[in-house]
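Colleague: With chain L's structure known, arrange chain Z with the ligand on it following the hints.
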Amino acid sequence: MQIEGSCPKTQRELIELEFIEHRTKILDIAAFLDRFDRSIEHNANDDFRIKAFREALAALNSSEFGRVERIQMLLSDLSSELRAERDGQSAYGAAKESEQ
Amino acid sequence: MINYIDLHAHMVSRTTDDYHAMALTGCVAVTEPAFWAGYDRVSASAFADYFKHLTEFEPQRAAKYGIQHYTWLCLNPKEGEDRELAREVLAIIPQFLERPNVLGIGEIGLNRVTRNELATFIDHVELALEHNQLIHIHTPHLEDKYKGTKAIVETLASNSRIDPSRVLVDHVEEHTIRMVLEHGFWAGLTLYPMTKVSPGRAIDMLEIYGTERLCVASACDWGPSQPLAIPNCMFEMRRRGHSQQWIHEVVYTNPSRFLSQSPKFKLAPLAQALAD
Ligand SMILES: [Zn+2]
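In the order they appear, the protein sequences are chains L and Z. Residues in the first sequence are numbered consecutively from 1, following this note's numbering. Residues in the second sequence are numbered consecutively from 1, following this note's numbering.
Honestly, the hints are just simulated from the structure, not real lab data. Check before you lean on any hint, since a few could be wrong.
[To be verified] Here are the simulated BS3-like pairs of lysine-lysine, each with C-alpha atoms no more than 30 Å apart in a straight line:
1. Z:52 <-> Z:64
2. L:96 <-> L:25
3. Z:264 <-> Z:64
4. Z:266 <-> Z:52
5. L:51 <-> Z:150
6. Z:264 <-> L:96
Small disclaimer: the values here were computed from a predicted structure and weren't measured.
If we strip away everything but chain L, and leave its shape as in the complex, we get:
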């Protein structure tokens, strides 16, 4: 595993190459949160997904390497128990409180 110097681009080059793309992404996230506030009915402020999302945003602010991995873990079910039976085919994107 190599972190330092493993990306062959300089920081200046990365900004030229990718800043606009990620500027757009951060604005999309901000707009999603504003839209959530403007919602016709405030019925999911404590939804497990939005709570995990807000925790992930806080983790994004860290100045330490490893943000993606830490955010992945915030959005994961950290329990190790097997489910007794299948509750559906698809996952939700964050762990329900009862599963953590």
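Modeller: Below, chain Z with the ligand without anything else, positioned relative to chain L:
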């Protein structure tokens, strides 16, 4: 142009135009793991039809574009909950294993990480060991990925008959890649919009962990996916400043190294394939 191998492509769900586009961008071989149809199949005979499709019609369709088609057989993790059906399907798989384009058992693994899914996964692993087959593994998505990958890795690591170099654990992400590589397995990065890994993140992981035992694939299927995900990623690799040799290692040498452990996997020169 750099040739590439897409070792995870559900071509049964794609159009012939997709084969054409893949051929134009340098695809020389695909391997197609058995997949979920979008609904749970109700009988073993439905699987027998599917396995016939994967071993007869699909390689012919690919060959018209100079693309070699290989496949993996199983009952998909999304159907692993039904133990009775799993037993019936496992009983018919051996009669297809000798077919010339079958490389092994896959994509087996877990979906919602249930007890039955794990039992069905273990049955498939036993079948693969019994018939000396390569193993291709699906790991669950989203919040289930971490615990599912951990359960899979621990199950395999506790079985001394497993040679990890003959197993590829697919759909790894930033929080699961290390445990897979550290146990000696091959790891697959899936370039799938929305729920899996973007080209940028796949390249990051290749830079951080190195290219050894790492492959990329499109996992294109009937969902929102891209059959040209690999050439798209190759373009990103060039933009990131990686050499042709580095790219070739990831998209061609690595998958052929893993797949060549099956004596059936032999890359024909492209011209020969087109002439056949
Ligand atoms: Zn798949």
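Colleague: Are the hints correct? Go through all of them and say.
Modeller: Hint-by-hint comparison with the structure:
About 19 Å separates the Cα atoms of residue 52 of chain Z and residue 64 of chain Z, which keeps this hinted pair within 30 Å; it holds. Restraint check for residue 96 of chain L and residue 25 of chain L: satisfied, since their Cα atoms lie roughly 26 Å apart, inside the 30 Å limit. For the proposed pair residue 264 of chain Z and residue 64 of chain Z, the alpha carbon gap of about 20 Å is at most 30 Å, so the pair holds. Under the criterion of a C-alpha separation no larger than 30 Å, the hint pairing residue 266 of chain Z with residue 52 of chain Z is consistent with the structure, at around 21 Å.
For a cut-off of 30 Å, the pair hint linking residue 51 of chain L to residue 150 of chain Z stands: about 25 Å separates their Cα positions. This hinted pair does not check out: residue 264 of chain Z and residue 96 of chain L have alpha carbons roughly 45 Å apart, beyond 30 Å.
Of the hints listed earlier, the one the structure fails to meet is number 6.
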